[in-house]
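Protein chains in written order, with the numbering used here: chain W, 101 to 380; chain G, 2 to 191.
If you are wondering where the hints come from, they were derived from the structure by calculation, not from laboratory data.
One or more of the hints may lead you astray.
As the list claims (entries may be wrong) - Straight line, CA to CA, 27 Å or less: simulated DSS-like cross-link-like pairs of lysine-lysine:
#1 181/G with 117/G
#2 139/G with 107/W
#3 153/W with 139/G
#4 136/G with 159/W
Computed from a prediction, not measured in an experiment: that's the story for all the values here.
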Amino acid sequence: MRELDVKVITENVAEMCKEAAYYLPDDVYRGLKRGRETEKSPVGQIVLDQIIKNAEIAKAEDRPYCQDTGMTIVFLEVGQDLHIVGGNLEDAINAGIAKGYTEGYLRKSVVGEPLFNRVNTKNNTPGVIYTQIVPGDKLSITIAPKGFGSENKSGIKMLVPADGVKGVKKAVMEIILHASMNPCPPMVVGVGIGGTMDRAALLSKKALTRSIDERNPMPEYAKLEQELLDMINQTGIGPQLGGTTSALAVNIEWGPTHIAGLPVAVTICCHAMRHSHRVL
Amino acid sequence: MAESIRITTPFTEEMSRKLRAGDSVLITGTIISARDAAHKVMTEALARGEKLPVDWTNQIVYYLGPTPAKPGDPIGSCGPTTSGRMDAYTPTMLEQGIKGMVGKGSRTKEVVESMKKNGATYFAAVGGAAALIAKSVKSYTVLAYPELGPEAVAALEVVDFPAIVVIDCEGNNFYEIGQKDYRHFDMSQI
Numbered sequence: 101m102r103e104l105d106v107k108v109i110t111e112n113v114a115e116m117c118k119e120a121a122y123y124l125p126d127d128v129y130r131g132l133k134r135g136r137e138t139e140k141s142p143v144g145q146i147v148l149d150q151i152i153k154n155a156e157i158a159k160a161e162d163r164p165y166c167q168d169t170g171m172t173i174v175f176l177e178v179g180q181d182l183h184i185v186g187g188n189l190e191d192a193i194n195a196g197i198a199k200g201y202t203e204g205y206l207r208k209s210v211v212g213e214p215l216f217n218r219v220n221t222k223n224n225t226p227g228v229i230y231t232q233i234v235p236g237d238k239l240s241i242t243i244a245p246k247g248f249g250s251e252n253k254s255g256i257k258m259l260v261p262a263d264g265v266k267g268v269k270k271a272v273m274e275i276i277l278h279a280s281m282n283p284c285p286p287m288v289v290g291v292g293i294g295g296t297m298d299r300a301a302l303l304s305k306k307a308l309t310r311s312i313d314e315r316n317p318m319p320e321y322a323k324l325e326q327e328l329l330d331m332i333n334q335t336g337i338g339p340q341l342g343g344t345t346s347a348l349a350v351n352i353e354w355g356p357t358h359i360a361g362l363p364v365a366v367t368i369c370c371h372a373m374r375h376s377h378r379v380l
Numbered sequence: 002m003a004e005s006i007r008i009t010t011p012f013t014e015e016m017s018r019k020l021r022a023g024d025s026v027l028i029t030g031t032i033i034s035a036r037d038a039a040h041k042v043m044t045e046a047l048a049r050g051e052k053l054p055v056d057w058t059n060q061i062v063y064y065l066g067p068t069p070a071k072p073g074d075p076i077g078s079c080g081p082t083t084s085g086r087m088d089a090y091t092p093t094m095l096e097q098g099i100k101g102m103v104g105k106g107s108r109t110k111e112v113v114e115s116m117k118k119n120g121a122t123y124f125a126a127v128g129g130a131a132a133l134i135a136k137s138v139k140s141y142t143v144l145a146y147p148e149l150g151p152e153a154v155a156a157l158e159v160v161d162f163p164a165i166v167v168i169d170c171e172g173n174n175f176y177e178i179g180q181k182d183y184r185h186f187d188m189s190q191i
């Protein structure tokens, strides 16, 4: 059986946290450039110029793209034939987050308890870790730091089957209109349809790990992604101060659900759509 | 958009009253950072009748929690945070003499009313443009509440800090004005 030492995991996670904070993925950068070419609002053009320049400075100088370097979401796919040795997997991931956020001069934005005693944990741990057991002997890690300007504007609606496609569109657009310019647009919108309430939310997060250039493989969902994107870009929200580039993409993921339900979750991501992915 | 208006601090009510929603500005001088935790601590201190550690008269507050500075840099990445979270505290803070606020996102009616009364201006910096904005910051000095870490109240010396007037002291709102011409959607279309 293949063995993987937790030290290797910690080192990789630390590097990935820094990478994600400094380097905007190429697809998002290209999306911003395309938005700049088509943006109709003069103020919107100025905002997009600043955002594009910001991405270039962050990349060239290894600086955080945004000061909110996020709560660290970690998607793990653990091969069932892989033996992790030398310690506990989740401890290794959190040690990597602490190392990356400290060494990389990233902001520590996590409080240990949410309501009565909001004390900063000072190393951005714990991360939000989702683990899936898959065939094989590899460990796939995706780091997706999530800023809370946009997270606070995300939402979920528990629709019923009779609401159908129209209901889904209304639910998504209500959340978008309510969010308006607050989540630092141009946004990338992750939509999770189906499952249970929690599964829909998770699907909406996973949707954001897909490239903005890649449509859902099922044509009906791909069409719905485009229709929603067109509607969002007609809201006038634009790149924060009004315009035509409100969102760069809508990514939908779906899952089986109950005969009585049609949950729809929307995770809004700001233009800092940050990720890092490695297979160990 | 017309050329940027240059603003230097201290930022008086007279300067504030000249600005209009949509104006592009470049701020030079000293602005003071404070966000959620600092606003909570300061308004609680005021409620107890205590004096604040910082004189806010004619100051510009920046809603900010920066990343730590790399060695040799004055500050880390330092874009604006969501202003709406400060709304509950803002009227109290404007009574302390603040004439300018820099953040991002919408404000409540109560804040706008207090702005009109106090002659204050709300500016937006581009959300997420944190590495770019850092270029205009020359120094960062903690003034109060160092225990709040990135949420401490600090003086930022800035040169040509780029911002846009979103809500002027008459209550004109550029978020509404800026969206109007490009809004071709309403829910009845679905």
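Could you check the structure against the hints above and give me the numbers of any it violates, in ascending order? 2
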